[in-house]
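Visitor: Please build the complete structure, drawing on both the sequences and the hints.
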Amino acid sequence: MVNTNGMTKEMIESLAFSEDEKAALAEARKRPVVFDEDCPETTPERALKFRRVNPPRSRVEKRA
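Counting in the numbering used here, the sequence shown runs from 48 upward without gaps.
Bear in mind the hints are in silico, worked out from the structure with no lab data behind them.
It should be emphasised that the depicted structure is a prediction, and the values quoted were computed from it without experimental measurement.
Be aware that one or more of the hints could be misleading.
Claimed, not checked - Ranges between beta-carbon positions, derived for each pair:
id, residue 1, residue 2, range
1, Arg106, Asn50, 19 to 29 Å
2, Leu62, Asn101, 17 to 27 Å
3, Arg78, Arg99, 28 to 38 Å
4, Met58, Glu92, 39 to 49 Å
5, Ala73, Val49, 19 to 29 Å
6, Arg104, Lys56, 28 to 38 Å
7, Gly53, Pro91, 40 to 50 Å
8, Val49, Lys69, 10 to 20 Å
9, Glu92, Ile59, 41 to 51 Å
10, Gly53, Thr90, 42 to 52 Å
11, Thr89, Glu68, 22 to 32 Å
The beta-carbon is built from N, C-alpha and C at its ideal position, and this holds for glycine as well.
Guide: The following block contains the structure:
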């Protein structure tokens, strides 16, 4: 998320996707994910080996 309090109207509008970008994203959603040797599909066994980079937040902590 972006803090828009100190931004001008033009700056805020520049953050939005253009119609061309929206169309490209819609087309990308229709395509299947392709795995290869550089980016293989993760198996459940391999997923267990991943560690979190940052600790999970507690629900009591307030977000900035």
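Visitor: With reference to the structure, classify each hint as holding or not holding.
Guide: Do the hints match the structure? See the list:
Range check, Arg106 to Asn50: Cβ separation about 23 Å, and the 19 to 29 Å hint holds. In this structure the supplied range 17 to 27 Å holds for Leu62 paired with Asn101, their Cβ-Cβ distance being about 25 Å. Take Arg78 and Arg99: their Cβ atoms lie about 30 Å apart, and the range 28 to 38 Å holds. Checked against the hint of 39 to 49 Å, the pair Met58 and Glu92 passes, with Cβ atoms roughly 47 Å apart.
For the hinted restraint 19 to 29 Å between Ala73 and Val49, the CB-CB distance of approximately 23 Å keeps it satisfied. About 33 Å separates the C-beta atoms of Arg104 and Lys56, a value consistent with the hinted range of 28 to 38 Å. Restraint check, Gly53 to Pro91: a C-beta distance of roughly 46 Å satisfies the suggested window 40 to 50 Å. At about 18 Å, the beta-carbon gap between Val49 and Lys69 stays in the expected band of 10 to 20 Å.
Separation of Glu92 from Ile59 is about 46 Å and conforms to the stated range, judged on CB atoms against 41 to 51 Å. With their beta carbons about 46 Å apart, Gly53 and Thr90 fall inside the hinted range of 42 to 52 Å. Taking 22 to 32 Å as the suggested C-beta distance range, the pair Thr89 and Glu68 conforms, at roughly 28 Å.
In this structure, none of the earlier numbered hints is contradicted; all agree with it.
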